Amino acid sequence: MSTTAEVHSREVTGAMGSGLRGATKVRHGRERLFQWLFLAPAVLYMLLFFGYPVVKNITMSFQDYTSSTFFSGLAPWVGFSNYSAVVGMPVFSKALINTALFTIGSIAGQFVIGLALAVFFRNRFRLSGILRSLLLLPWLLPLIVSSAIWKWILDTDSGALNQFLRAAGLIHTNVPWLTSTSVALLAVIAVNIWIGIPFNVTILYGGLQDIPEDLYEAGSLDGATGWKAFRSITWPLLRPVVSVVLVLGVVYTVKVLDIILGLTNGGPANATQTIATQSYLLSFGQFEFGQGAALGNVLIVISLIFAIFYLRATRRAVDE
Amino acid sequence: MTTAAVRRVTTPGKSSRKQRRSWLNTVLGVIFLAVMLFPVYWMVNASLQPGGQALDSGWFPLHPDFTGYRTAISEQGAHLLTSLIIAVGSVIFSVIIAAPAAYALAQFSIRGTNLVLFGILISQMIPGIVVANALYSAYNDLGLLNSYGGLILADSTAGIPFAILIMRAYMTTIPKPIIEAARVDGAGHFRAFFYVVIPVSRNALITAALFTFLFTWSDFLFALTLTTGQDVQPVTLGIFQYIGSHVQDWSAVMATAVIASLPALILLVLAQKFIAAGATGGAVK
Amino acid sequence: MKTVLGRSLKASALGAALLVTLPLALTGCGSKSTPAAASSGGVAAPATVHVLDYYNEGNDSKVIGAALTACGKANNLTVVRDAIPGSGLIQKVLQESSSKTLPDVLMLDNPDMQQIAASGALTPLSDYGISTADYAPGILQAGTYKDKIYGLAPTVNSIALFYNKDVLTKAGITPPTTWAELQADAKKLTVGTQYGLALDANATYEGSWTFLPFMWSNGGSEKDINTPQVAEALQFWVGLMKDGSLSKGALNWTQADAENQFAAGKAAMMVNGPWQFPTLNAVKGLNYGVVPIPVNRTGQVAQAPLGGEVWTVPNTGNTENEKNGAKIVACLNSDANQIAMGVARGTVPSKTTLAAAFLKQAPTMAAFTKTVATARARTAILGVAWPKTATAIYTAVQSALTGQSSPADALKSAASTVG
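Residue numbers (my numbering), protein chains in the order written: chain U, 1 to 320; chain Y, 1 to 285; chain H, 1 to 419.
If you are wondering where the hints come from, they were derived from the structure by calculation, not from laboratory data. Bear in mind the structure is a predicted one, so any value in this text is a computation, not a measurement. Among these hints, one or two may not hold up.
Stated by the list, open to error - Subject to a maximum C-alpha distance of 27 Å in a straight line, what follows is the list of computed BS3-like cross-link-like pairs (lysine-lysine):
1) K370(H) to K360(H)
2) K223(H) to K370(H)
3) K170(H) to K188(H)
4) K228(U) to K18(Y)
5) K94(U) to K388(H)
6) K94(U) to K412(H)
7) K170(H) to K284(H)
8) K148(H) to K323(H)
9) K388(H) to K223(H)
10) K388(H) to K56(U)
11) K62(H) to K323(H)
12) K187(H) to K170(H)
13) K170(H) to K248(H)
14) K100(H) to K56(U)
15) K388(H) to K146(H)
16) K94(U) to K248(H)
17) K248(H) to K165(H)
18) K73(H) to K323(H)
For reference, chain U alone in the conformation it holds in the complex (with noise of 0.2 Å):
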């Protein structure tokens, strides 16, 4: 009943458990069995519902695939030329680098605010609870509704937030919100972190309660309260939780489609446009699937990469 991490860790409870892992062969194998039986009907889901289209998905980008194809079935092996086809586009290296503001942008804003309010929900005051149930309503509203909303607040002349500052005195002329290249992205950052604060602070107050109480109730014995009780207590136990906030959030932050096409559909002059979000247009605007397919494994191939490095960054100061 020590009260320090480190009995949490698993290196010691491993240890401990490896003395009861010396079993026959047998029951070895039945081990086995019983541990494939509770992953087995996980596997079997994903590989019905996520196999096929992703060996779709692939190949098609190899292939000229247009609306014919649909019906006919015919689409010819085209090899790379999907691929320097959509990487040569003008628009390919804007889309790109506002990608890579876009994720960096919503991910930064929408794990700190969580965090933030993550911690602060855990001191138990008064409505703690019912606030923390409405900070999730911004997922119940469809996206079709909240893109409507959020393009009538910012709209330039008319829209809410503008005459809010202007009744506040915070400026004098209307902000072009999204209609103007230099501010729109920021605009859709921001509406995209509006989204993402609720999913942040449930998974992370959720890790926070399951840090036991006493570890801080000693640890403040030793002097460790605050920003060093976060440090030392907080940060290292809530570890496995938050990278896979982060992981999960760059991986549908970099997917996001339907708020940005709902808000600038990509402009004004493709200030606003990501790859996903000119994937999609060059598919279903252009019935180019075949270079619609290619930018999106472009796409996946910059979360596979992010993917990795981070995971395995993350292992090395576990292991440490």
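Keeping the supplied structure of chain U fixed, place chains Y and H upon it in accordance with the hints.
Using the frame of chain U, we list chains Y and H on its own:
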């Protein structure tokens, strides 16, 4: 001598300061939430405006117009029920499939763990439309179109991978002694899972269930792709009855969105109450 | 006290009643006997016809639904209808193409028709002997692929210039007919929170659609947008925004947003279509008029783009179903239906010969009826290559309006993406 006993001996001054702190936090919380939920307020405002669009409406609905609500209530009731059935069904299915898998990936040292995790992560990177297109042909051949079961299965593509990843993250923090203790007492894998792991992972389960519900509730893509006609229409699709290519009836759209949020919000409030503190803390002692 | 008159009145009333009911009774007898005829191989039980369209909302849904049901009844067919949101139609069509589950009657937005026809998913309407006489030429061009007609639109629409009668009269202005007049008028009418002009210049095909009349009437062509004529048109728009007559918000407005501005008195004029009539008519105190979109120089012909949806018969491989589908398409395009649908939906009948009869019932559609007669199909010249050019057009427009490049440069770089 527990720290709890130490805590009880406080000076009166300290407790009132704590109370004031508590109220200050509440006020801060309410202010922040008011800012965060302003768009939701704007939606309610728009739903009560004549004409329904809030582009040029006043800040307050001074002359509330309930036409939108009348339309929404009379036409969307069945769709709300459909959404609820599919969402709850998806939550149950996803948790049943994902929880054991998450536990296995967290605590068992199976050789394929990293591969499976990576596969799950990659699945989250696939654009939804790719999955929808593939599912359409499959469902068409299997006769699963326009069915509750079909939609539950399809919507779980959002819930299951996410639930596995989130629950696994929580479950890696379960101290091994707890599980080993249960196994030593003679419990098999399944008993250890049901009687020890599940109760201890309550927060994880509820969080995963919560988001699976939210993903499914707001799904539009599968609702559009995997249904034809009016038989099985979730409310996300029902809302489009008011959004035509040329003319949009925003007051009905906003009213439907408001009404649709209510049952879901009640479920969320109830679920959040269950996210308790120190779920693992008690087990250690 | 029964009088003689009363008795004779009664008798004549009875006689009249008999005269009326007898034929009905006879037809009743007649219809009762047709099932007997049916069982001997006459009229069969109604076959089912599947229809896919995107008239999912309000008035359109009711009008089209009623027309489909009536056409079904008239041809002894049961219509099963799938009305879905507009944004999901093409997706659905492609999915159904690949799983070979296309409906028997398919509605398509006219610029998309050539793509779908090119894939082989549609059957030519000439196979069913459907007449295309008296249709406005633009409509036939939209529905033609490789010299065969695959789709016919019963009613169509276009865009024109709406203006607020009261605002213009107060400022002593008559509706503009040239660009110079439009620019001056818009500038004069930009007062307070009111802009002179509102239009849709956003980054979607709607934005390109709004720009087309300006570039077409000036002699520009979608075949090559990197020409001085198109640049002149774009320069005109840039000028309007520089003057402050056109709000920067136009860069993100849909046509519906532009209408909101106009209806709220935030814009004195707007470029929009007749589908806005019901909404505008519901606004109290708004007196509006419609004129064709101004041209650059007097003498140029106003050319507006053709809007509206065509009805097609997909290639399902089932000849019986295809024939039934064709019957529905033919019925929807009948003269009576064209006028009825036009009146009910605020669109214009496709047959130019029906214009006179139509205007008697819907006199407010005069400006649009005139516009439609000379309207141009977007896919007339480029066919399946239209989407790339449409994207290039709105990209160039946005680039120039945001000041990123001059109109000529914007068009040059946009044209290079079409290749």
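K388(H) and K56(U): Cα distance at most 27 Å?
-> holds, 25 Å
Query - Satisfaction of hint between K323(H) and K62(H), Cα-Cα up to 27 Å - result: holds, 25 Å
Has the given pair, K223(H) with K370(H), been kept, meaning a C-alpha gap of at most 27 Å? holds, 26 Å
Restraint check for K388(H) with K223(H), where alpha carbons must lie at most 27 Å apart | holds, 11 Å
### Message
Hinted pair, alpha-carbon criterion (27 Å max): K388(H), K146(H). Please report holds or violated.
### Response
holds, 20 Å
Q.
Check whether the Cα positions of K370(H) and K360(H) lie no farther apart than 27 Å.
A. holds, 14 Å
K187(H) paired with K170(H) [C-alpha distance capped at 27 Å]
Holds, at about 15 Å.
Hey, K94(U) versus K248(H), does the alpha-carbon distance stay inside 27 Å? It holds: about 22 Å lies between the C-alpha atoms, which stays within 27 Å.
- Can the restraint linking K148(H) and K323(H) be considered satisfied, given a maximum Cα separation of 27 Å? Roughly 17 Å between the alpha carbons, so the hint for K148(H) and K323(H) holds.
#### Entry: Holds or violated: K248(H) to K165(H), with C-alpha atoms at most 27 Å apart
The hint holds at about 24 Å.
_With the threshold set at 27 Å, check whether the alpha-carbon distance from K100(H) to K56(U) stays at or below it._
holds, 19 Å
- Within 27 Å, alpha carbon to alpha carbon, are K73(H) and K323(H)? holds, 16 Å
Hint compliance for this structure: no hint is broken.
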